[in-house]
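Asks: Those letters in the sequence shown? Residues 100 to 244, by our numbering.
Simulated from the structure, these hints should not be mistaken for lab results. Among these hints, one or two may not hold up.
As the list claims (entries may be wrong) - Quick list of in silico lysine-lysine cross-link-like pairs, DSSO-like style, CA-CA up to 30 angstroms:
1. K174 to K190
2. K124 to K174
3. K124 to K190
4. K199 to K124
Stated by the list, open to error - Here are the in silico distance ranges between beta carbons for each label pair:
5. Q205 to D135: 33 to 43 angstroms
6. S216 to P132: 28 to 38 angstroms
7. K124 to Q184: 14 to 24 angstroms
8. A212 to Q171: 45 to 55 angstroms
9. Q175 to P132: 17 to 27 angstroms
10. V134 to G102: 41 to 51 angstroms
11. L160 to L116: 34 to 44 angstroms
12. A214 to I129: 40 to 50 angstroms
C-beta: ideal position from N, C-alpha, C; glycine also.
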Amino acid sequence: MVGRADHFVQLINTYCLNVETILSKLESYIDLPNVDFSNLAALATEIEERSSCIGAEHVRLTCLDLMRACDQMQKQKYETFFFCQALSWTKNEFAHTRNKLQVLVQWLLNLSALAASNADGAEDYEARSKTAKIECYQVVFLNVQ
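Construct the complete structure from the given sequences, taking the supplied hints into account.
Replies: See below:
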């Protein structure tokens, strides 16, 4: 259990760091005088693929709009409003997703510590584990805190 939890924690942390880096790049490129929106679309695609792999569906969906905005900007040279709006929406959804993933990481770390410290008290472990799972579910899926 501990090894698998560590793997998921590492996967979540890597996802969050990578997406934060890409979002920062997207934000910094928009201020350049001659923006190549095909490059920005490639970055949005990268976020979309990473989000798809981890199951961050809301972030993935916002990236589709971001990619569409990049395509329109590249073809028709509109003002950057649509791109900025799509980027803002993507950043907002990522922030919500990251908060939920951080709760999941904390739960996994607590569960790992609980499993490691409770080698011989199986019944107590089961009860505390069930309570921890319910609390995590409430925070991640029901937004109860």
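Asks: Look at each hint and say if it fits the structure.
Replies: Evaluated hints:
1. K174 to K190: Roughly 24 angstroms between the alpha carbons, so the hint for K174 and K190 holds.
2. K124 to K174: holds, 21 angstroms
3. K124 to K190: holds, 12 angstroms
4. K199 to K124: holds, 23 angstroms
5. Q205 to D135: 33 to 43 angstroms: holds, 40 angstroms
6. S216 to P132: 28 to 38 angstroms: For S216 and P132 the Cβ distance comes to about 58 angstroms; the hint is violated.
7. K124 to Q184: 14 to 24 angstroms: holds, 18 angstroms
8. A212 to Q171: 45 to 55 angstroms: holds, 49 angstroms
9. Q175 to P132: 17 to 27 angstroms: Cβ of Q175 to Cβ of P132: about 18 angstroms, so the range 17 to 27 angstroms holds.
10. V134 to G102: 41 to 51 angstroms: Since V134 and G102 have Cβ atoms about 44 angstroms apart, the given range 41 to 51 angstroms holds.
11. L160 to L116: 34 to 44 angstroms: Taking Cβ atoms as reference, L160 and L116 lie about 21 angstroms apart, which means the hint is violated.
12. A214 to I129: 40 to 50 angstroms: Distance hint for A214, I129 holds at roughly 46 angstroms.
Checked against the numbered hints above, the structure violates hints 6, 11; every other hint is satisfied.
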